[in-house]
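Asker: So the chains spell out like this:
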Amino acid sequence: MTGLERLADTFFNVPVMVQYLPKIVEGFFVTIELALAVVAAGITAGLVLAVVRAFRLRPVNFFIVLVVDVLRALPPLVIIIVFYFALPTIGIRMSAWVATWLALALVLAAFAEEIFWAGILAVPKGQWEAARSTGLTFLQTLTDVVLPQAVRLTIPPLTNRTIAITKGTALGAVVAVGEILYQAQSAYSFSYNPSPLLLGAVAYLILFVPVVYFGRWIETRFAWKR
Amino acid sequence: MELLLQSFFNLDILKQAWPFLLSGFWMTVKLTLVVVPLGLAGGLAVALLSTARSRAVRWALIVYVDFFRAFPPLVLLMFIAFGVPFLGIDLGAFTAVALSFLLNTSSYYGEIFRAGIESIPRGQYEAARSTGLSAVQTLGYVVVPQAVRNVVPDLISNTLEVIKLTSIASVVALPELLFAAREAQSVTYNATPIIAAGIIYLVCLWPLVRLLSRFEHQQIALH
Chain A
20 MTGLERLADT FFNVPVMVQY LPKIVEGFFV TIELALAVVA AGITAGLVLA
70 VVRAFRLRPV NFFIVLVVDV LRALPPLVII IVFYFALPTI GIRMSAWVAT
120 WLALALVLAA FAEEIFWAGI LAVPKGQWEA ARSTGLTFLQ TLTDVVLPQA
170 VRLTIPPLTN RTIAITKGTA LGAVVAVGEI LYQAQSAYSF SYNPSPLLLG
220 AVAYLILFVP VVYFGRWIET RFAWKR
Chain B
1009 MELLLQSFFN LDILKQAWPF LLSGFWMTVK LTLVVVPLGL AGGLAVALLS
1059 TARSRAVRWA LIVYVDFFRA FPPLVLLMFI AFGVPFLGID LGAFTAVALS
1109 FLLNTSSYYG EIFRAGIESI PRGQYEAARS TGLSAVQTLG YVVVPQAVRN
1159 VVPDLISNTL EVIKLTSIAS VVALPELLFA AREAQSVTYN ATPIIAAGII
1209 YLVCLWPLVR LLSRFEHQQI ALH
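Those sequence lines, one after another, are chains A and B. If you're matching positions, the first sequence starts at 20 in our numbering and goes up one per residue. If you're matching positions, the second sequence starts at 1009 in our numbering and goes up one per residue.
Hints in this document: simulated from the structure, not taken from any laboratory. Backbone N, C-alpha and C define an ideal beta-carbon position, used for all residues, glycine too. Be aware that a few hints might be false.
What the hints assert, rightly or not - Derived lysine to any residue pairs resembling SDA-like cross-links, with alpha carbons at most 25 Å apart:
| hint | chain 1 | residue 1 | chain 2 | residue 2 |
| --- | --- | --- | --- | --- |
| 1 | B | K1172 | A | A115 |
| 2 | B | K1172 | A | V84 |
| 3 | B | K1038 | B | Y1149 |
| 4 | B | K1172 | B | V1065 |
| 5 | B | K1172 | A | V231 |
As the list claims (entries may be wrong) - Some chain B residues judged to face chain A by a derived CB distance under 7 Å, without partners named:
| hint | residue |
| --- | --- |
| 6 | S1015 |
| 7 | F1017 |
| 8 | A1049 |
| 9 | L1082 |
| 10 | V1217 |
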C-alpha cells in the first residue's frame, strides 16, 4: 500500500463510514434536538430573570446576580459532571440527556439574563418616564415599550453567545448522550479507525457552518449603532 | 443535611483528595499559561494578515476562522488527540490540547482583534504613513495599540471562556483540575472532590466575571 492509500484507508475508510453512517445521522438529530431544547429553555429563562430583575427588589436581584455569576464562572463540563455524577450521591438522579440539557440551558440563561439586562439598561430613562406618564403600568411599560427596544439591541450578542453554547452539546458525549460526537467516538473505538471521527466532524460542519453564517448576518443586520 | 455534608463537603475525603486536586490545579494553570498566550498571538496574526491586500489571503483567513468557529472545541480536540496518532505522529495529551486550542481560540481572538483594527479610522493610517512611518511601523505603533485598547473587554471575556474550556482536556486524560477531581471521585466513591474542583474554579474565575460585568455596564452607559 502506498502512503496515500494508507491515509485513505485510515481516514476515509468507506466500508467503516458506510457501516457507521446511520449512527452518526442518529446522533445528528439528537444534537439538533438537544440544541433546540437548550436554546428554548435558556433564552426563555434568561428573559424571565431579566424581567424579574427590572423590578429592582434588592434581595431578589442579589440572588439573581449570585446565581448568574456562579454559572458564568464554572466551566459547563464541570456543571454537567456535577449534575450527572455528583447529584445522584444525594439522591437526585437525572438522565445524561437531562443533565446536559439542564446544565447548558442554565449557562445560556445566565448569559442571556446579563445580555437582556444590559439591553433593558440601555433604553433611556426618558422612555420609562414618558410611558409611565401616559398612564401605562410598570409592567405594561416594560413589556410594551422597553423590552421591544431592548431585545433588538441584544440580538447580535445573544446570537453569538447562543451559538457558542449550542456547540457545547458535544460535551454531552462525556456523559454518553447519544449525540454526534458520542456516536463518532464509540464507532471509532469499535472499529479502531478514525474515519467515523471525520464523519462526525463533517456532520458538525454541516450543522454549524450555516449557523455561524446566520450569526454573521444577524450581526450586520442588527449592528449596534455607535 | 447530614447526607449533603457527607457526600459533598466531606473533610476526610477532601484531605485525601487534596494532593490530587492541587496537582490538577497546577496543570490547569500551566495549560492556561500556554494556551492563552498562544491563542492571543495566533489571533493577532490572523487579524493582521486579514488586513493584507491580497484577496486570496483574506479569503483563506475567513475560511480558516469560520471553519474553526463552527467546530465544537471538544470535537476538534478528540479529532486531533485520537486521529493524528494514526498518521504516525505521537503528540501526547498536552500537545494535542495545545494544538486544538491554538486552532480554536486563535479564530475567536482573531475575530476580536479584527473588530478592533477595523474600529481604527482610516485617517490614523494616513496620518501615521505621512509622518514617514512604514506600513509595519504604522500597524505596530499606531493601529494595534489603539485597536487592542478598544477590545479589552472582549479579550477578557474570551480569555475567561478559554480558561473554562481547559476543563475539556480531562476528556483526553490530561491530568488537569477536572480530571484529577474525577479520578479522586472514582477512588473515594465520594463527590466531594468534584464539588471542591467546582469551588476552586469559582474562586479563581469569579473576579474575572465581576470585572467583565462592570465592563459590560460601562459599555452600555456609552450607548
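Asker: If a hint holds in the structure, say so; if it does not, say that too.
Answerer: Verification of the hints:
Restraint check for K1172(B) and A115(A): the C-alpha separation of about 21 Å stays at or below 25 Å, so the hint holds. Restraint check for K1172(B) and V84(A): the C-alpha separation of about 19 Å stays at or below 25 Å, so the hint holds. Among the hinted pairs, K1038(B) with Y1149(B) is inconsistent with the structure: their alpha-carbon atoms are about 31 Å apart, more than 25 Å. The suggested pairing of K1172(B) with V1065(B) is violated, with an alpha-carbon distance near 32 Å, which exceeds 25 Å.
Using a Cα cut-off of 25 Å, the hinted pair K1172(B) and V231(A) holds, with the two alpha carbons roughly 22 Å apart. With its C-beta approaching chain A no nearer than about 4 Å, S1015(B) sits inside the 7 Å limit, and its interface hint holds. Hint on F1017(B) is violated. Least Cβ distance to chain A is approximately 11 Å, over the 7 Å limit. A least Cβ separation of about 22 Å between A1049(B) and chain A goes past the 7 Å threshold, and the interface hint is therefore violated.
Satisfaction of the interface hint for L1082(B) is found here, the shortest Cβ-Cβ separation to chain A being roughly 5 Å, below the 7 Å cut-off. A cut of 7 Å between beta carbons decides the hint on V1217(B): the least distance to chain A is about 5 Å, and the hint holds.
Going through the hint list in order, the structure does not satisfy hints 3, 4, 7 and 8.
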